[in-house]
Each structure stands twice: as structure tokens, then as C-alpha cells.
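6 protein chains.
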Amino acid sequence: MPIVNIKIAKGRSIEQKRELVKTITDVIVKILDVKEEWVSVLIDEFDRENWATGGQLHIDKFGKGCGKQSSKNE
Amino acid sequence: MPIVNIKIAKGRSIEQKRELVKTITDVIVKILDVKEEWVSVLIDEFDRENWATGGQLHIDKFGKGCGKQSSKNE
Amino acid sequence: MPIVNIKIAKGRSIEQKRELVKTITDVIVKILDVKEEWVSVLIDEFDRENWATGGQLHIDKFGKGCGKQSSKNE
Amino acid sequence: MPIVNIKIAKGRSIEQKRELVKTITDVIVKILDVKEEWVSVLIDEFDRENWATGGQLHIDKFGKGCGKQSSKNE
Amino acid sequence: MPIVNIKIAKGRSIEQKRELVKTITDVIVKILDVKEEWVSVLIDEFDRENWATGGQLHIDKFGKGCGKQSSKNE
Amino acid sequence: MPIVNIKIAKGRSIEQKRELVKTITDVIVKILDVKEEWVSVLIDEFDRENWATGGQLHIDKFGKGCGKQSSKNE
Numbered sequence: 001m002p003i004v005n006i007k008i009a010k011g012r013s014i015e016q017k018r019e020l021v022k023t024i025t026d027v028i029v030k031i032l033d034v035k036e037e038w039v040s041v042l043i044d045e046f047d048r049e050n051w052a053t054g055g056q057l058h059i060d061k062f063g064k065g066c067g068k069q070s071s072k073n074e
Numbered sequence: 101m102p103i104v105n106i107k108i109a110k111g112r113s114i115e116q117k118r119e120l121v122k123t124i125t126d127v128i129v130k131i132l133d134v135k136e137e138w139v140s141v142l143i144d145e146f147d148r149e150n151w152a153t154g155g156q157l158h159i160d161k162f163g164k165g166c167g168k169q170s171s172k173n174e
Numbered sequence: 201m202p203i204v205n206i207k208i209a210k211g212r213s214i215e216q217k218r219e220l221v222k223t224i225t226d227v228i229v230k231i232l233d234v235k236e237e238w239v240s241v242l243i244d245e246f247d248r249e250n251w252a253t254g255g256q257l258h259i260d261k262f263g264k265g266c267g268k269q270s271s272k273n274e
Numbered sequence: 301m302p303i304v305n306i307k308i309a310k311g312r313s314i315e316q317k318r319e320l321v322k323t324i325t326d327v328i329v330k331i332l333d334v335k336e337e338w339v340s341v342l343i344d345e346f347d348r349e350n351w352a353t354g355g356q357l358h359i360d361k362f363g364k365g366c367g368k369q370s371s372k373n374e
Numbered sequence: 401m402p403i404v405n406i407k408i409a410k411g412r413s414i415e416q417k418r419e420l421v422k423t424i425t426d427v428i429v430k431i432l433d434v435k436e437e438w439v440s441v442l443i444d445e446f447d448r449e450n451w452a453t454g455g456q457l458h459i460d461k462f463g464k465g466c467g468k469q470s471s472k473n474e
Numbered sequence: 501m502p503i504v505n506i507k508i509a510k511g512r513s514i515e516q517k518r519e520l521v522k523t524i525t526d527v528i529v530k531i532l533d534v535k536e537e538w539v540s541v542l543i544d545e546f547d548r549e550n551w552a553t554g555g556q557l558h559i560d561k562f563g564k565g566c567g568k569q570s571s572k573n574e
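Residue numbers (my numbering), protein chains in the order written: chain A, 1 to 74; chain B, 101 to 174; chain C, 201 to 274; chain D, 301 to 374; chain E, 401 to 474; chain F, 501 to 574.
Derived from the structure by calculation, the hints contain no laboratory data. Treat the hints with caution; some may be incorrect.
[As the list claims (entries may be wrong)] Here are the simulated SDA-like cross-link-like pairs (lysine to any residue), alpha carbons at most 25 Å apart as the crow flies: (1) D:Lys364 to D:Leu342; (2) D:Lys330 to A:Asn5; (3) F:Lys561 to D:Trp338; (4) B:Lys122 to C:Asp244; (5) B:Lys130 to D:Glu349; (6) A:Lys35 to C:Lys264; (7) A:Lys64 to A:Ile14; (8) C:Lys264 to C:Glu237; (9) E:Lys410 to B:Trp138.
Remember, it's a predicted structure, so these values are computed and weren't measured experimentally.
So that you can see chain A by itself, here it is in the shape it has in the complex (with noise of 0.2 Å):
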């Protein structure tokens, strides 16, 4: 009864969560043989003032926003 938990960046689209939960569950039900109602997906939403890379914040690295698009020096 998998339990997956992705951690992102503040700033999806339901559309996008949408598209997320269930190409995941599709992907976790093909590969490890579980029910599809045994798979739960949790998306767990970070401000970039909250997360860092390389001792960085990534609003002071990338600016505000989410996804390549928005990230300014990368």
C-alpha cells in the first residue's frame, strides 16, 4: 500500500497536481504489482524561503516562482 510524498516548490496548477497523482499512481501500480486504491500520493508544498540548495535559499538562488522557467540563474 505504497504512500508516495513529493516535495515542491509552491505554485502548480490543479491541472498539474491532476496530471501528477495519477501518472505516479499508474507508474507505482505497473512496476509494484499493488492495488491502484492501495496508492496514496501526497503533495507537500514548500516556499522557496524554506528550502535551500548547496547552503543557499532558493528564493535568494532562483527568485520567486517554481519549475526551470522561473528559476533565474540555472
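Dock chains B, C, D, E and F against chain A, hints included.
What follows is chains B, C, D, E and F alone, placed relative to chain A:
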């Protein structure tokens, strides 16, 4: 020094939370042989648009709200 | 569809675990107005060399084991 | 820089894990507009005696193993 | 590629967060022999009404705020 | 009462862990204005076959071991 993390849909009252953490702590103390002050309980609230089972977001499956009374299709 | 994660020191018996998950589930169902089959409980066991409070590993602070009976300095 | 944590029952082969992390990463890259190298996936394996749904340990409910083929009562 | 998750009460300034993630990253790099860019730090903020120790919500135990200066009974 | 969870590859010595939890705790106390005894640190160890970045398991990408010295391709 048990740490309990409870993921639930948003929308419970502070009275429910107060009763929940007190009762869970009592259960842990009794069954696991630990001191009451060792037990931490964290409530991690999720929007229904960030939670899915069976590949479907709970906002689509149940509508808004929390608990079984507000779960239209279950 | 609450998901409860309980982090504890390794060493509890299966009887303790069985009683723990049953009692926790009953508490959640009663206080949060959810169906019993919606509740998941995961027990996440840690070695005392992987857990610290106050800057000190529990293996150094308490010695081996789990629970207050085996916690020599507390 | 999404971080995906997948909690599953112990017992999957390395081939299943390899396919799982590759496919999940592809899905995330495609839907969330992120770079492939930004995506981390962690597989968090649990014994069936440490996982319960509906108040019952999976070892008691399903017996040993993982996946629906080894789940005797479901 | 260490991933550090820090659960704290809400209310810290961005300057505190900036210093926190930088210092934690430096510590990890130095002690664990990893590259700086491998280290992720996530700050997971909780309301005091969602956190309890000893069976009591922190909002009831300490009042509003965060840190020991705003913890009236401790 | 901060709770720090550090996910790392398996294989660090107890001396490294001891230094890690002590130093992390000192940092948290200093920056976040909390009491030392409030800080919990948990070390969550993963096999390299359970961790992936960029869609590739670390066991395939780096080989066995932990830290940058044992990471053949990085």
C-alpha cells in the same frame, strides 16, 4: 522519545486537535513504556487538492472539507 | 484518510506493535470522524545511535534498548 | 528540486527499483517543468509488521511478502 | 546527497533561515565528506496548535510565537 | 522544539554521528533561540539502492559506500 506525525485533511477544530494529541500521548505512554514528556505529536494538515488515493485528488473525489461526513462519494 | 507515522527506538515486540496500531486507529476514528479502513499507521524504528536529544546520541545517554526501563540516566 | 519519498513493503528487486526511480523521475520532469538532475527519489522500505491499515498489521492481514500476489486476504 | 528536514514553529525571519541553512550545510559538508551542492535543507514550519509535547498543544503550553523568549511556562 | 531529520547514505561511523548531532544541535540553539534539551536529531540511513538522483540509483551511479571519496563518477 517517540515522535508521532499525523497527516490529515485540513479543517479540524482546536478542540479535536487537543483531544487527539492528549489521547495519542496516553496510548503511547501506556503501550510503549515511555515518559509522558518524551512524546511529541505533530499534526500535518493537507489541502484535499494535495492528497490522492487511487490516482484521484481528494478534492475531486470527495469535494471540500474533511472527515467522512463531507465525503460525498464514499 | 489519516496517515500516522510513529518514530520509536527499535526493540518493541510484535504484540506491542499490534496493540499500538489498533488503539491508535480507534482513537483516530473516534476523534476525527473517519472510516477505520482509511487509517494507515507506520512504525519507523530507529537505532539509538541514530537518535539524539540535547545534542547527545541516545546510545550514549541511555545505553542500549528502548523505553524508560532501559534508560539508565533518566 | 522535487524530492519524492516512496514508502513500500520490503522485498522488491533492484530491477524494479531501477525502473521505478527512472520512470518516476521522467514523469516529474515532464509534468512539473524541472531539470532531470534536480529530482531525488528515496525508497523507504517497511516490514509488514511495521505497517497497518484499518488497525491491523499487514503481517497479520496479508502474511509475509509484498505486492498483491502475496496478499492472501485481499 | 544528504537531505535535512527541520521542523520548527512558525515565525522565524528570513535572515534566521538564511543563516540556518548556510551553517547546517557547512556542518554537513565538513563532517560527512560530501559536496556542498549535494546538500538540501528543508524548513517545515508548524503552527503551535499543530504541535504537542507531553500531551499538550504548544499553543496551550507556551502561547503564541516561537523560541524560548515567547514560551511563557518553560 | 525543533526536530531535525537527516537522510544520508549508510556507512558513517558512530564518531561522525556523535559529532554531527552535537554540532547541529549547537547551531539550532544559537540561531533559533531554543533550549538545547528541546532539540531532537534523527539520522535516517538509506542504502544506495534506495536513493536516486536524475533518475539513476546511487548504487549504479556511485557504486557502494558513502561520501564523495567513494563516489566513482562524481
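Unsatisfied constraints (hint numbers, rising):
6, 8
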